[in-house]
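Chemist: Take these sequences, add in the hints, and give me the full structure.
Here's the letter readout for the chains.
2 protein chains.
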Amino acid sequence: MKARFKELETLYKDSLLGDVIPFWENHSLDSECGGYFTCLDREGNIYDTDKFVWLQARQVWTFSMLYDRMEDRREWLDIARHGVEFLLKHGMDAEGNWYFALDRCGNALIQPYNIFSDCFAAMALSQYAVASGSDRAKEIALRTFRNILHRKDNPKGQYYKGIPGARPMLSFALPMIISNLVLELEWMLPKDESADTVNRCLAEVMDLFLDSSTGLIFEHISPDGSHPDCFDGRLINLGHGIEGMWFIMDIARRSGDTALRDRTVNTILNILDFGWDKEYGGIFYFLDAKGKPPQQLEWDQKLWWVHAETLVALAKGYLLTGRQDCRKWYEKVHNYTWQHFPDPVHGEWFGYLNRQGEVLLEAKGGKWKGCFHVPRALYLCYRTFAEMAENTAILPPPPCKRSRQ
Amino acid sequence: MKARFKELETLYKDSLLGDVIPFWENHSLDSECGGYFTCLDREGNIYDTDKFVWLQARQVWTFSMLYDRMEDRREWLDIARHGVEFLLKHGMDAEGNWYFALDRCGNALIQPYNIFSDCFAAMALSQYAVASGSDRAKEIALRTFRNILHRKDNPKGQYYKGIPGARPMLSFALPMIISNLVLELEWMLPKDESADTVNRCLAEVMDLFLDSSTGLIFEHISPDGSHPDCFDGRLINLGHGIEGMWFIMDIARRSGDTALRDRTVNTILNILDFGWDKEYGGIFYFLDAKGKPPQQLEWDQKLWWVHAETLVALAKGYLLTGRQDCRKWYEKVHNYTWQHFPDPVHGEWFGYLNRQGEVLLEAKGGKWKGCFHVPRALYLCYRTFAEMAENTAILPPPPCKRSRQ
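Residue numbers (this note's numbering), protein chains in the order written: chain A, 10 to 414; chain B, 10 to 414.
Keep in mind that a hint or two might mislead.
Since the list can't tell identical chains apart, any single copy or any two copies may satisfy a pair.
[Claimed, not checked] Straight line, CA to CA, 27 angstroms or less: simulated DSS-like cross-link-like pairs of lysine-lysine: (1) LYS170 <-> LYS376; (2) LYS15 <-> LYS337; (3) LYS200 <-> LYS161; (4) LYS341 <-> LYS11; (5) LYS341 <-> LYS98; (6) LYS376 <-> LYS299; (7) LYS165 <-> LYS376; (8) LYS15 <-> LYS170.
By construction, these hints were calculated from the structure, which means they are not laboratory data.
It should be emphasised that the depicted structure is a prediction, and the values quoted were computed from it without experimental measurement.
Modeler: Have a look at this one:
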């Protein structure tokens with residue numbers, strides 16, 4: 010078993026450092042206008058030059074994180090700074106809200122209607138501040154984080170199309186992302202603020218979005234946790250539920266809350282039972298909780314991030330509980346993922362497969378896929394299997410430069 | 010050849026009257042709250058009760074049109090009135106803009122952010138006014154039409170997410186729909202108003218959206234007709250282009266403009282050459298004009314309306330030009346469509362197939378598919394093949410009750 014963990018540790022580390030990171034190092038830097046190209050075709054050629062704040066920020070996070078937690082490679086910090094400079098110069102409106110999209114030169118194209126731009130910017134700047142010691146990055150990360158908390162009950166503002174008061178619904182994505190973001194920013198937050206935020210996230214995610222009767226995470230719920238019988242109210246986003254559960258597992262691990270940890274693991278396994286495609290393998294993108302036809306035409310597709318997040322969730326779940334059902338599910342999802350997503354010819358991973366597991370879009374990056382889910386999952390799986398290989402049940406987190414500040 | 014036309018005339022008429030219309034008559038009427046259920050599963054069971062104004066209006070149009078142009082069946086007019094009453098009671102805000110979605114009882118759920126709700130409402134009320142003689146329907150259709158023309162340069166209003174002035178783009182859908190809507194409402198419009206509207210549509214569609222170098226209709230263009238090199242600027246929506254061309258062919262037919270007619274037919278055939286799936290058959294949903302990866306994950310799916318509109322376009326093209334390439338393409342699309350979309354067990358058509366032609370969603374209706382594209386295409390193909398079977402090159406349009414008013 011130890012040999013298997015060692016083998017997996019090596020696979021993830023080699024794939025991260027020998028395949029995925031070089032792909033983005035070689036192809037994504039815009040040396041002329043700053044920032045990163047993320048619309049890269051199968052070979053890494055640029056097919057579109059627009060810059061999406063989600064993906065600019067996520068790449069900053071990835072390279073800052075690698076510099077901070079993996080190795081002191083100067084070029085990684087330089088790549089992160091390259092993105093930070095572009096983001097700070099062009100990414101915000103006058104009120105400090107983050108635009109959704111910019112053109113190649115940084116001219117704003119799409120208004121700050123999407124609060125996740127702010128979430129990923131805060132996450133990126135916090136991690137960059139840790140890696141670089143930049144006070145400006147820290148200060149803007151903090152301001153952005155507080156702006157997110159301020160906007161979170163009406164995140165779309167004027168762009169919200171619902172009738173006020175008519176069938177109000179909460180969306181899982183925001184408390185889910187904040188569950189992760191608050192741990193990312195914890196080092197700069199006053200203790201009360203991070204504890205309050207964690208507690209609010211736990212209450213929302215585990216008591217409202219996690220439905221006790223089905224054991225599923227619903228993507229949209231009424232404010233009282235009930236499920237309106239409509240397309241949005243029945244929607245299950247399998248990857249979101251699983252990713253959210255490993256965010257909460259991280260919270261449980263640091264607080265030593267084993268009951269909470271066990272609930273997250275049970276939920277992950279339950280979502281997998283519900284969302285695994287028994288015919289073709291892989292995890293569906295969307296399902297209707299009642300088995301009705303989903304609205305999303307891409308419901309049956311197999312997406313890279315869903316599978317990457319599931320590998321992280323199962324590896325962490327196994328590390329923390331030693332449950333054999335985690336191990337079995339890990340191997341099943343591992344086989345599917347490693348057989349289908351990595352591109353054996355040009356490196357990195359394909360993002361979008363059809364239900365049958367054939368490549369639907371050959372691009373390595375676009376408007377939603379960039380340098381984030383794959384390297385983060387590779388890094389976290391590498392660390393998790395390294396812990397298992399070393400057979401130390403709970404390792405301290407890896408050395409972190411934030412202590413040097 | 011005449012025998013084939015007769016056979017097709019019979020196929021379309023029988024399918025319309027013996028299969029498709031009975032499906033909606035039997036399953037869609039909400040006798041309790043008014044209006045129609047459109048979320049019907051394969052067997053016709055209701056799986057969601059929300060009411061989308063697009064689909065409420067389109068079903069009103071279909072039953073009014075059948076009563077007006079096909080047969081004096083009282084029950085068809087009653088079904089149309091059932092929807093009109095629901096729409097007039099619940100469908101508009103205080104300024105006369107049409108909501109996008111209502112709940113089963115008619116409470117507004119989604120704001121009037123979508124101008125196509127207004128387009129289909131105007132189309133429905135005009136056709137209902139013709140069928141029923143209702144002055145109120147006529148008056149609201151006219152008011153809605155003028156409101157559309159008033160809103161058309163900023164159709165999304167406050168919900169527009171682009172930065173003003175940054176990469177402005179026009180969308181094909183609106184001039185395309187207005188090209189059809191203006192003929193639907195011509196009977197109630199002052200001559201100048203309809204002529205001006207037709208001329209503006211022709212200029213936009215044929216001189217701006219139709220790209221002379223590729224012969225393709227672009228879904229979004231710059232105001233000067235150029236093509237920004239970005240996801241939206243490269244997008245080709247095959248079904249929209251083909252549907253738009255038969256709308257313009259109708260305009261060309263009534264004005265006797267054979268050069269315009271020939272341009273529409275050339276464009277239809279060119280779009281088909283570009284958009285036909287040479288591997289699995291059928292017409293793609295979306296393609297990138299430059300062959301780059303499209304943003305739409307559903308790009309390779311085969312949709313019922315795309316194929317239904319193409320049958321109409323090719324049948325009309327063949328009727329008006331006698332071109333053998335229209336005939337050949339008609340038979341090719343006919344074979345694909347009739348082999349894949351109709352449900353041999355429970356009637357009506359499946360809406361969504363995967364690239365391979367397998368059923369992706371079994372539902373007969375939902376948020377976007379209702380009682381419209383299939384019955385309209387069946388009716389128009391039936392009429393067109395009837396003309397061909399009678400061998401009269403240009404028949405007058407079928408008798409229409411509007412002359413009785």
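Chemist: State for each hint whether it applies.
Modeler: Structure-based check of each hint:
no., hint, in the structure
1, LYS170 <-> LYS376, "both (23 angstroms within a copy, 16 angstroms between copies)"
2, LYS15 <-> LYS337, "within (17 angstroms within a copy, 62 angstroms between copies)"
3, LYS200 <-> LYS161, "within (20 angstroms within a copy, 52 angstroms between copies)"
4, LYS341 <-> LYS11, "within (18 angstroms within a copy, 60 angstroms between copies)"
5, LYS341 <-> LYS98, "neither (45 angstroms within a copy, 55 angstroms between copies)"
6, LYS376 <-> LYS299, "between (31 angstroms within a copy, 17 angstroms between copies)"
7, LYS165 <-> LYS376, "both (20 angstroms within a copy, 23 angstroms between copies)"
8, LYS15 <-> LYS170, "neither (51 angstroms within a copy, 49 angstroms between copies)"
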